[in-house]
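Be aware that the sequence shown starts at 0, since it is given in numbering that gives the first Met the number 0, and climbs by one per residue.
Quick caveat, the hints were computed from the structure, so don't treat them as lab data.
Among these hints, one or two may not hold up.
In silico BS3-like cross-links for lysine-lysine, where the CA-CA straight-line distance does not exceed 27 Å [claimed, not checked]:
#, residue 1, residue 2
1, K364, K24
2, K416, K364
3, K369, K97
4, K161, K234
5, K310, K97
6, K313, K97
7, K24, K310
8, K234, K369
9, K24, K371
Everything numeric in this text was worked out from a predicted model, so none of it was measured.
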Amino acid sequence: MNTEKKNDGFIEKHALESIPQSERKHWVSIALIWIGAIISVSSLMVGGVLVSGLPLKQALLAGFVGYAIVVLFMTFQGVQGADLGRPTVSSASSAFGKSGASFIISFVIGISVMGWFGVQTSITGSAFSSIMNDWLGVNISFQLSAAIWGAIMLMTAVYGYKALAYLNYVAVPALLLMAIYGTYSVVSNFGMDALLSYTPAAPFSFLQGVAITVGGFAVGGVIAPDYSRYAENRKGAILSSVLGVLPMGVILLSAGALMAITAGSADMTQVVSNLGFPLIGLMILILATWTTNAVNAYSGGIALTSMFHLKDDKRPMATAIAGIIGTVLAVVGIMNHFIPFLLVLTTGISPIAGVMIADYWIIRKGDPSKWKEEEGVRWTGVISWLIGFAVGYFVHMGSAPVNAIVVAMIANVILNKFENKDTGSKEESNTDKEVSA
Numbered sequence: 000m001n002t003e004k005k006n007d008g009f010i011e012k013h014a015l016e017s018i019p020q021s022e023r024k025h026w027v028s029i030a031l032i033w034i035g036a037i038i039s040v041s042s043l044m045v046g047g048v049l050v051s052g053l054p055l056k057q058a059l060l061a062g063f064v065g066y067a068i069v070v071l072f073m074t075f076q077g078v079q080g081a082d083l084g085r086p087t088v089s090s091a092s093s094a095f096g097k098s099g100a101s102f103i104i105s106f107v108i109g110i111s112v113m114g115w116f117g118v119q120t121s122i123t124g125s126a127f128s129s130i131m132n133d134w135l136g137v138n139i140s141f142q143l144s145a146a147i148w149g150a151i152m153l154m155t156a157v158y159g160y161k162a163l164a165y166l167n168y169v170a171v172p173a174l175l176l177m178a179i180y181g182t183y184s185v186v187s188n189f190g191m192d193a194l195l196s197y198t199p200a201a202p203f204s205f206l207q208g209v210a211i212t213v214g215g216f217a218v219g220g221v222i223a224p225d226y227s228r229y230a231e232n233r234k235g236a237i238l239s240s241v242l243g244v245l246p247m248g249v250i251l252l253s254a255g256a257l258m259a260i261t262a263g264s265a266d267m268t269q270v271v272s273n274l275g276f277p278l279i280g281l282m283i284l285i286l287a288t289w290t291t292n293a294v295n296a297y298s299g300g301i302a303l304t305s306m307f308h309l310k311d312d313k314r315p316m317a318t319a320i321a322g323i324i325g326t327v328l329a330v331v332g333i334m335n336h337f338i339p340f341l342l343v344l345t346t347g348i349s350p351i352a353g354v355m356i357a358d359y360w361i362i363r364k365g366d367p368s369k370w371k372e373e374e375g376v377r378w379t380g381v382i383s384w385l386i387g388f389a390v391g392y393f394v395h396m397g398s399a400p401v402n403a404i405v406v407a408m409i410a411n412v413i414l415n416k417f418e419n420k421d422t423g424s425k426e427e428s429n430t431d432k433e434v435s436a
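Start from the sequences and build out the full structure, keeping to the hints where you can.
Put into C-alpha cells, the structure is as follows:
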C-alpha cells in the first residue's frame, strides 16, 4: 500500500492508514489541539462538581491527581500512536483483533465521543438560548439553538486535522484569557480567605473526586493516538500530551471551581451571567465548546469509518454523520444525564486503554516491529476489557477508572500467557505427530 498518499486539498482524507513521516507535525500543533479540547465548558463544570462535594483545596488536589492519571495512560497511548502513525481504532487491532477493534472498540469510542458532542452542544444551545432571551429579549428555543451550533461546530471537524489546528491557534488565547479573567474577578470580589473556608453542602470522598476528574477526560486519554499519530517522534507525543492537558486542565478546573463557589452552581451559563459579562462570556463559551466538539466529531468520524469498513476518503462523510448524531442527542436532552454519563463513560472507556497498553508495552515490549493487525476477534483483549469494565462498574473501592485500567491491563497479560501456552502446546503436539508419521 502506498503510504505517501497526499491529502486532496485542505480536507484531510487520512482515517485508518498510517500517517507518512512527510506529513508529521511539530508537537506544539498537537498540544494546541489538546489544549483546545481541555478548555471546555465541561472542564469548568467538572471543577464546579468537585466543589459541590469537596472543600476547595481538596477539590483542586483531586483534580490534579485525576488529570495526572489521565496524562499517564494518555502518554502510553499517544506514543503508540506516534510509533505506528495510526489512530486508536486501528492501533487497537493488535490487542482486540481487526474485527474486535472495528466493531466493539469503534462502537464504544464512537458512542462516547458522539455523546460528548451532544453534551457540549447542549451546553452551548442552553447558554445561547438563555442569554439571548434574558439579555437581548430574543426568543430562540433551546432545540433550535442546539441544532444551529451543532451544525456550525461540526464543519471544522469535517475538514480534519489542519482545520482543528487553525481553530485552536485563534481560540486558545481567547479561552485562556477568559479563565484568567474569571479567576481574577472571583478572587478580587470574594477574597481567598472566604474561598478557602468554603464548605460543601453535600460532601463526597476524595477518591470520588478523582474518579469524576478522570471521567471528564477519559475519552481524550484513550483516543490520544487519533492525534499523536501526527507526532514526529515519541518525544513529541509525550510533550503534546503532558503540556497539552495537565497545566490547562488544572487551570480550567480551578477556574470552574472558584466561579461555581461564588455563583452557587455548576451551571456555567448561570456562572457567566453572574460574572457580569454575558455576551463576551457567551462568545467564549461557544469557542470553548467548538474546540472540544471538533475533536469529538473528528474521532467519531474515525470510529464510524472503522466500524463500517469505509475507505479513508469517506472520513469527512463519517465525521458529518457522527456530528449529526451528537446534535440530535443534544436536542433530545442528553444534558439532563450529564453526571451519570460521566460515570458510565469512565468505566466503559478506561479499560480500553488498559488492554492496549498491556498489549503494546508489556506483551510486545513497546517495539513497533512486533505490532501487527490480528485477524478476527482477539478474545483475550475483549474479555480483559469486559473484566475491567465490570470491576470499574461494580467495585466501589478506590477510583473506578483506575481500577478498570489496572485490572484490564493485568487480565490481558495473564490471558495472553495462557493463550501463548495453549498455542505452544498445540504446535508441539503437531510437531510430534509429524515426526511420528
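For each hint, the structure was consulted:
1. K364 - K24: 26 Å, holds
2. K416 - K364: 14 Å, holds
3. K369 - K97: 16 Å, holds
4. K161 - K234: 21 Å, holds
5. K310 - K97: 15 Å, holds
6. K313 - K97: 19 Å, holds
7. K24 - K310: 24 Å, holds
8. K234 - K369: 20 Å, holds
9. K24 - K371: Since the Cα atoms of K24 and K371 sit roughly 24 Å apart, the hinted pair holds (cutoff 27 Å).
The structure fails none of the hints (numbered hints given earlier).
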